[in-house]
Structures are given as C-alpha cells and as structure tokens.
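K.L.:
Below are the chains, spelled out letter by letter.
There are 2 protein chains.
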Amino acid sequence: MSLDERNVLSVLPREIDRAQLIRGVAEAARSAARVIAKAPAQQRTHALVAIAEAIGRHGPAILAANARDVAAAREAGVTPALLDRLRLDDQRVAGLARAVADIAAAPEILGRVERVETRPNGLEIQRVRIPLGVIAMIYEARPNVTTDAAALCLKAGNACILRGGREALDSNRALLAAVQDGLTSAGLPVEAVQLVPTTDREAIAELVRLEDLIDLCIPRGGEGLIRYVAEHARVPVIKHYKGVCHIFVHAAADVDLALAIIENAKVQRPGVCNAVETVLIDRPIAAQLVPRLVARLTPAVELRGDDEVRRLGGAAVRAATEDDWYAEYLDLILAVRVVDGLPAAIAHIERYGSSHTESIVTADRDAGERFVREVDSSTVMINASTRFADGGELGLGAEIGISTTRLHAYGPMGAEGLTTTKFVVRGTGQIRS
Amino acid sequence: MSLDERNVLSVLPREIDRAQLIRGVAEAARSAARVIAKAPAQQRTHALVAIAEAIGRHGPAILAANARDVAAAREAGVTPALLDRLRLDDQRVAGLARAVADIAAAPEILGRVERVETRPNGLEIQRVRIPLGVIAMIYEARPNVTTDAAALCLKAGNACILRGGREALDSNRALLAAVQDGLTSAGLPVEAVQLVPTTDREAIAELVRLEDLIDLCIPRGGEGLIRYVAEHARVPVIKHYKGVCHIFVHAAADVDLALAIIENAKVQRPGVCNAVETVLIDRPIAAQLVPRLVARLTPAVELRGDDEVRRLGGAAVRAATEDDWYAEYLDLILAVRVVDGLPAAIAHIERYGSSHTESIVTADRDAGERFVREVDSSTVMINASTRFADGGELGLGAEIGISTTRLHAYGPMGAEGLTTTKFVVRGTGQIRS
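Protein sequences appear in the order of chains E and A. Terminal number for the first sequence in my numbering: 435, no gaps in between. Terminal number for the second sequence in my numbering: 435, no gaps in between.
If you are wondering where the hints come from, they were derived from the structure by calculation, not from laboratory data. Please note that a few of the clues may not be correct.
[Unchecked claim] Partner residues aside, some chain E positions facing chain A, computed with beta carbon under 8 Å:
{"id": "1", "residue": "266"}
{"id": "2", "residue": "270"}
{"id": "3", "residue": "379"}
{"id": "4", "residue": "380"}
{"id": "5", "residue": "396"}
{"id": "6", "residue": "408"}
{"id": "7", "residue": "412"}
{"id": "8", "residue": "429"}
[Stated by the list, open to error] Ranges of calculated distance between the beta carbons of each label pair, as one might list FRET restraints:
{"id": "9", "chain 1": "E", "residue 1": "430", "chain 2": "A", "residue 2": "298", "range": "19 to 25 Å"}
{"id": "10", "chain 1": "E", "residue 1": "82", "chain 2": "A", "residue 2": "213", "range": "31 to 37 Å"}
{"id": "11", "chain 1": "E", "residue 1": "117", "chain 2": "A", "residue 2": "254", "range": "25 to 31 Å"}
{"id": "12", "chain 1": "A", "residue 1": "29", "chain 2": "E", "residue 2": "375", "range": "22 to 28 Å"}
For each residue, glycine too, the CB sits at the ideal point set by N, CA and C.
Given the sequences, and given the hints that come with them, work out the whole structure.
P.N.:
Below, the structure is given as structure tokens:
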C-alpha cells in the first residue's frame with residue numbers, strides 16, 4: 003500500500019470535506035477538554051496509569067502496525083535516519099509505557115496556588131493553576147511523541163489533537179488505541195486524545211486556523227514544518243526553530259574541563275538540538291586549546307575554523323565560511339572561532355545564535371555570572387555541557403518541546419508549560435468606591 | 003488641519019515607502035531593547051522618575067497639543083464619549099505623571115529567581131526573570147495609554163513601539179517628547195520608546211508582521227481593531243476581546259449583599275469591561291430578589307429579562323432576546339435571567355461568557371468554592387463586585403491590559419506579564435552520560 007493510499011481522506015465519501023472533518027475533531031476535543039479540566043487529579047492519574055498498562059498490553063498490535071509503517075517508508079525510500087526514528091521494538095515500546103507511568107507519578111499541577119495576597123479592603127487574591135484547554139500537537143516521524151504528548155496534556159488537564167507524520171500513521175493509530183483504552187477505563191472521554199485522520203498538509207492549515215476551538219499549537223520537527231504552521235496559524239504557536247548552541251571557552255578556563263565539555267556536547271548525541279555547533283575561543287587561551295581540540299576531536303569530528311584556528315590547528319581544520327556560523331549541523335561537524343574576550347563572544351552569539359542554549363567554560367566567577375546575565379538565550383550555563391538543556395535534566399520531568407520564542411514558555415517546556423493561571427478572589431461583599 | 007493632513011506619510015518623500023519606515027522603527031527598537039535589558043535597575047528607575055518629572059514640566063505643551071487634537075476631533079464629528087477619552091486637563095496630566103512615578107516605585111522584577119533546584123549531579127538550576135524584548139502597543143484614543151505603556155515596558159526592561167489613534171496623534175507626540183526627555187536624562191536611548199509616525203491601518207499590518215524584530219503585540223481598543231491585528235499578525239498577540247461579566251446570585255445568597263454588589267458592578271462605571279452585563283438568579287431566590295432589583299435599579303438602569311424575571315418584575319422589565327445574553331452593553335443596561343441552580347449558571351457562562359470576570363453571591367461556602375473551581379474565566383470571585391477585576395485592585399500595580407486568551411497571561415496583566423524566564427545552569431564541569 004503506498005503512502006498516499008493510506009491517507010484516510012482518499013477513502014472518505016467525497017461529500018465530507020476536509021474543513022468539516024477537522025472542525026468536527028476540534029469540537030469534540032473542546033467538549034472533552036471541559037470534562038478533563040474538571041476531572042479530579044486521581045481520575046487523570048488513573049487514566050495515565052491505565053494508558054501505561056494499555057501500551058504494554060497492546061504491544062504486539064503496536065509493533066505490527068509499526069512494521070507496516072517501516073516497510074512502506076523503506077519502499078518510499080526514506081533516509082536511514084528517518085527509518086531509525088520511526089522504528090519501534092520491544093524495548094522502545096516499554097520505554098513509551100515507562101514515560102507515561104513517570105508522568106502519572108509526577109506531582110499534581112492543577113489547582114496549585116501560585117500567589118496569595120490579602121488586599122487592604124479584605125479581598126483575598128490567589129492565582130490558581132488551570133489547564134490551557136485544547137492543544138494541537140503537530141510533529142513528524144517519531145511515534146514516541148504520540149504517547150508523550152497525550153500524557154503531558156492529560157497531566158495538565160488538557161485535551162489534545164495529534165497530527166503525526168504520514169510515515170507513522172499506522173503506528174500512531176495503534177498507540178492511540180492504547181491511549182483511548184486507558185481513558186475509557188478511567189471513565190474519561192476518548193475524544194480527549196484524537197489523531198487527525200488525514201496527513202495532508204492542508205489539514206494542518208485547517209487545524210491551526212480554529213482559534214475558537216484550539217488554545218495552543220506546538221509544532222515539532224524540521225524548520226519547514228514549523229514555518230508552515232507559523233504562516234497559517236491563527237491560534238497561538240510555540241515555536242522551536244533550531245538549536246545553534248555555543249560554548250565559549252574563556253581565557254580563565256581549565257583546558258581539560260573545556261575539552262571534556264566540548265567533546266560531550268558535540269559527540270554524545272550529535273543529531274539533537276542541544277548539541278553544540280560552534281565553539282568560541284578567547285584569544286589568550288587559543289594557542290593552548292586549539293591543538294588539543296584538534297587532537298581530541300579529529301578525524302571523528304570535522305572542524306571548520308577561522309584563519310586563527312587554522313593557523314593553530316593545522317591542516318586538519320577546514321576553512322569556515324560565513325554560513326558555518328549560522329549552521330545547525332546536527333552532525334559530527336563543529337565550527338570554531340577565536341574571539342577577543344567575553345563581549346565579542348556575546349556579540350557573536352547575539353548575531354548568529356538561535357536563543358536555544360549557550361555555555362561558558364571559565365574558572366572566573368565574575369566572567370561566568372556576566373555571561374549568564376547578558377546572554378539572553380533560553381538556557382545559559384556555566385561549566386556544563388549544552389546537552390543538559392532538556393526538561394528531564396533540568397528537573398521539569400518529561401518535556402513537550404523546547405521553545406526558542408519568549409511568549410508563555412522559553413526553553414524546555416514540561417506539563418506546567420501546558421497550563422496557565424486564573425485569579426480567584428474571595429470577598430465578603432466588597433464593592434468598589 | 004484635517005485628520006488626514008496630519009498623517010505624517012502624506013508629508014514624507016514618495017520614495018520612502020511605508021514598509022521601510024515601519025521596519026526602521028522596529029530595528030531601532032530592537033537595538034534599544036538590548037541596551038534597556040542590560041541597564042541596571044537603578045538606571046531604569048532613574049529614567050521612570052525623570053519621565054514622571056518631564057510630564058509635569060511639559061504640561062503646557064502637552065495641553066496645547068491635546069487642545070489641537072480635541073478641536074480636530076470635534077470638527078470631524080466624533081462622539082462625546084470619544085472626546086471625553088481624548089481630552090486632557092491639568093488634573094489628568096498630573097495623574098499620568100503620578101502613574102509613572104508609582105511604576106518607578108514598585109519592586110524590581112528583572113533578575114528575580116523564580117525557582118532553584120540542585121540536581122543529583124550537582125548542577126544548580128534557576129529560572130530567572132528577563133524582559134520579553136520589543137513590545138508593540140496598538141490602541142485608540144486614550145492618551146494615558148502612551149505613558150502607562152511606556153513606563154510598564156521600561157519597568158520590565160523592554161523597548162516599545164506605540165501606535166495610538168489618529169485622533170490623539172499630537173497629544174501622543176507631546177507625551178512622547180516627555181518620555182524621551184526622561185530616557186535621555188537617564189542616559190538611555192530614546193529609541194526605547196517610539197511612536198509609529200503614521201496612523202493609517204496598513205501601518206499596523208506592516209508592524210505586526212515583523213516577527214524577527216517584535217516579540218509581542220498588545221492591541222487595546224474596540225473589537226474591530228483587535229480582530230484586524232489578529233488577522234494580520236505574525237508576531238504573538240495578547241488579545242482582550244470583550245468583557246461580558248456575570249454575577250450569579252445563588253439560592254443561599256444574602257439578598258442585601260447581592261443587591262449592593264449588582265448595583266456597584268453595573269452602575270459605578272458602566273462603560274468599562276469589568277462592569278457586569280448579565281445577572282443570573284437561582285430560582286429559589288428569584289421571587290425575593292427580582293422585585294427588589296427592579297426597585298433598586300430602574301429606571302436608571304434598563305433591565306432586560308427572561309419570562310420568569312418579567313413575571314416577577316412587572317412592566318419595568320423589557321423582554322430579553324438571545325442577543326442580550328451575548329451583549330457587552332458598556333451602558334446602563336442589564337440582562338437578567340432565572341436559572342436552575344449552580345450547574346445551569348455555569349453552563350450559561352460557558353456558553354455566553356467572554357472568559358473575563360464572573361462573581362457568585364452566596365453564603366454557602368461549598369457553592370462558592372465550586373463556582374470558582376469550575377468557571378474557567380480569567381477572574382472568578384465570591385461575594386465581590388466584578389469591578390475589582392483590575393491590575394491595581396488585584397495587587398499587580400498598573401495594568402497594560404486584560405487578557406481573555408490563555409497563552410502567556412490570563413486576566414489583568416502588569417509589568418511582570420511583560421517578562422519571561424530563562425534557565426540559568428551553574429556547573430563544575432558536568433557532562434552527560
């Protein structure tokens with residue numbers, strides 16, 4: 003079966019149009035969101051525990067559906083990297099279930115009182131955490147996003163509409179069946195988690211226009227997908243464009259520490275957004291650091307340097323072009339540049355950075371504090387690998403994405419990022435004079 | 003001089019096009035935002051104090067400019083209500099200066115640490131408050147928004163671009179001169195607060211498309227303006243559509259308390275968004291309440307009721323239509339309906355409400371708590387007038403607007419609503435395994 007034939011719209015009666023179909027999904031989600039928002043914490047927790055169990059029980063069906071997706075994707079000639087992201091096995095399915103169970107076990111968020119104040123007139127003011135409503139999650143080939151997003155949305159009291167990649171359609175349906183089983187066994191409406199039943203791009207445009215029904219859209223995937231969503235959206239969008247992460251090795255750095263952090267940030271998992279892409283080296287330490295960096299990383303990592311780095315590093319360093327400073331390689335390639343001090347490093351990051359994650363390596367406390375104060379990326383670090391820019395590592399629990407724009411959430415975003423607060427005012431008959 | 007002749011574009015050389023003009027303003031704001039964000043708290047406070055003083059010093063020029071605006075607006079035949087919002091006098095100018103001084107005196111927000119955690123690997127994680135960047139404020143005839151918005155943006159470390167109504171263009175320019183005087187005397191760039199030098203609507207569309215330069219747009223004004231902004235925006239928008247506020251008088255209410263709260267919420271200032279528009283009355287208390295409500299409010303207030311209210315209230319109550327339940331009157335008109343208990347009241351609010359403010363009057367603690375838990379408006383109250391839904395009254399200080407959508411800010415929004423947080427991570431060489 004070709005990918006196109008698997009598109010549900012092609013088997014729907016002609017008279018049901020796409021807009022009507024998508025609106026129907028969103029209206030059902032809106033109704034379900036009201037029920038989820040009012041459900042007690044223990045009922046939502048029950049649902050999450052039941053979903054984790056159902057993922058285990060549905061394992062064989064999930065793997066069979068995934069095998070069909072993988073076969074179709076291979077036939078369509080997708081890249082090995084995409085095939086790897088798409089593929090599930092027993093261990094990965096167990097991982098999906100465990101992630102949901104962890105979310106179930108995390109502390110409750112809804113109803114939390116964030117601020118309490120009694121006004122001079124006796125009014126008691128609180129800000130109380132409440133759900134956002136309906137979240138649209140638009141993503142590509144990773145089936146794990148299906149269960150992670152569903153679980154995080156339910157934890158935060160929201161309904162969600164999932165629109166995964168066409169390559170993962172059968173896998174996502176099988177995972178959805180497990181999620182909906184869990185909802186049913188907890189007495190919650192299955193419409194709280196739905197899959198858009200068509201994978202054409204126009205369906206995304208329909209979905210993100212429904213500002214009366216959807217409270218937030220989170221696109222996760224390549225820059226093309228995110229720009230497409232941003233262009234068509236009338237609902238608020240939390241974007242994560244890319245991660246061009248920097249490490250600045252300050253003059254007062256410990257060179258061994260710097261080498262270990264750079265290697266870890268580049269090599270430990272090069273294909274992710276918090277891997278380092280550019281290293282900036284303070285001029286006074288360059289002669290000491292560059293030769294050791296070349297010895298440590300090449301030839302496994304391709305280095306692209308400016309003139310000074312090439313002079314110090316020799317033939318193993320290729321020449322960097324202006325484009326390299328903007329590049330998110332997601333690969334074993336590293337751009338390296340010598341800069342004149344902290345202000346020049348900050349200016350480079352302001353110009354070429356992506357507001358994701360930057361780290362300074364230094365033994366000078368003041369330099370470190372100035373760096374984290376003046377660099378305005380969503381995560382700024384002193385003496386640590388950029389790979390720690392992750393909801394789990396920063397103590398948020400599972401993450402639904404990393405925002406590189408500043409509204410609502412900035413940086414790794416967990417279940418709390420899927421909530422807001424309302425004002426609750428308790429009086430005894432106060433009127434305004 | 004007609005309103006059109008006062009549009010700056012008409013006196014600009016033809017070759018400078020509007021898009022270029024607006025982009026130039028936004029680029030200057032972006033550069034200024036970097037300076038403001040890094041300025042120490044005392045320098046921003048100095049600027050705010052100096053702005054308050056400059057408003058006083060510029061008083062005669064501000065009043066002269068305002069007199070020209072008022073004369074032109076009167077000639078153009080605007081409504082008396084608009085004329086009143088536009089007009090400044092000595093007392094109002096003093097009020098503008100005092101509002102800025104109050105913002106200067108409020109506690110500092112930037113750099114505040116919101117969360118501290120040490121991870122098992124020794125990483126210290128903080129979330130630290132930072133500015134949003136560049137705020138575009140789009141509003142109508144009230145000149146006070148010019149100085150309020152400028153001061154709140156500076157307090158939060160942001161630059162701002164103001165686009166006021168064409169009726170207030172001269173007043174806004176005179177106020178801007180005072181603001182820029184204050185910035186200069188504190189050594190901060192005047193581009194931190196700018197006025198869009200043209201008042202045509204297309205300029206708004208240009209402005210809200212600049213997602214690379216502007217972080218947030220806040221429209222304040224009529225529904226038409228807000229929808230226009232939402233339609234053209236590529237930058238995030240915080241919307242406040244309208245306030246259809248409800249008071250629900252529960253069966254267990256004290257009738258005197260209910261009457262005092264309803265009267266205050268309707269009559270004290272009927273033209274504002276937190277005035278009550280619909281009163282819902284629990285059936286068991288209707289026979290007791292309705293006649294007293296009619297006696298208390300009519301004929302000053304026009305009552306529009308359902309059949310039951312008309313039966314109990316007599317000829318003084320007009321018949322409400324379906325449209326009345328959706329209406330934001332902003333006038334001495336009140337819709338009144340009898341409902342069957344708390345769930346029916348909540349259902350009415352869900353269907354017809356605007357997510358602004360709702361209040362329950364009851365002596366039954368459980369009923370009150372259920373109401374504030376289940377109603378998902380941005381402000382929910384027990385035994386208090388809806389008129390308290392206001393940044394100042396809720397303890398936020400001055401407010402820049404009231405958001406009725408849930409992303410980033412929900413409800414009254416003060417200076418803190420113009421900030422976000424970044425993650426600051428301090429390590430000793432941690433790498434990820």
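K.L.:
Next step is simple, just say for each hint if it's right about the structure.
P.N.:
Against the structure, the hints come out as follows:
1. Interface restraint check: residue 266 (chain E) against chain A, minimum CB-CB distance 4 Å, threshold 8 Å, status holds.
2. A cut of 8 Å between beta carbons decides the hint on residue 270 (chain E): the least distance to chain A is about 6 Å, and the hint holds.
3. Checking residue 379 (chain E) against chain A by beta carbon gives a least distance of about 7 Å; that is within 8 Å, so the hint holds.
4. Restraint check, residue 380 (chain E) versus chain A: the minimum CB separation of about 6 Å is within 8 Å; hint holds.
5. Interface restraint check for residue 396 (chain E): the shortest CB-CB distance to chain A comes to about 5 Å, inside 8 Å, so the restraint holds.
6. Taking 8 Å as the C-beta cut-off, the interface hint given for residue 408 (chain E) holds, the closest approach to chain A being about 5 Å.
7. Using the Cβ-Cβ criterion of 8 Å, the hint placing residue 412 (chain E) at the interface with chain A is satisfied: the shortest such distance is roughly 5 Å.
8. Taking 8 Å as the C-beta contact cut-off toward chain A, the hint placing residue 429 (chain E) at the interface holds, the least distance being around 3 Å.
9. Judged by the Cβ atoms, the range 19 to 25 Å given for residue 430 (chain E) and residue 298 (chain A) holds: they are separated by roughly 20 Å.
10. In this structure the supplied range 31 to 37 Å holds for residue 82 (chain E) paired with residue 213 (chain A), their Cβ-Cβ distance being about 35 Å.
11. The hinted window of 25 to 31 Å between residue 117 (chain E) and residue 254 (chain A) holds, with their beta carbons roughly 29 Å apart.
12. Restraint check, residue 29 (chain A) to residue 375 (chain E): a C-beta distance of roughly 25 Å satisfies the suggested window 22 to 28 Å.
Violated hints for the displayed structure: none, as all numbered hints are satisfied.
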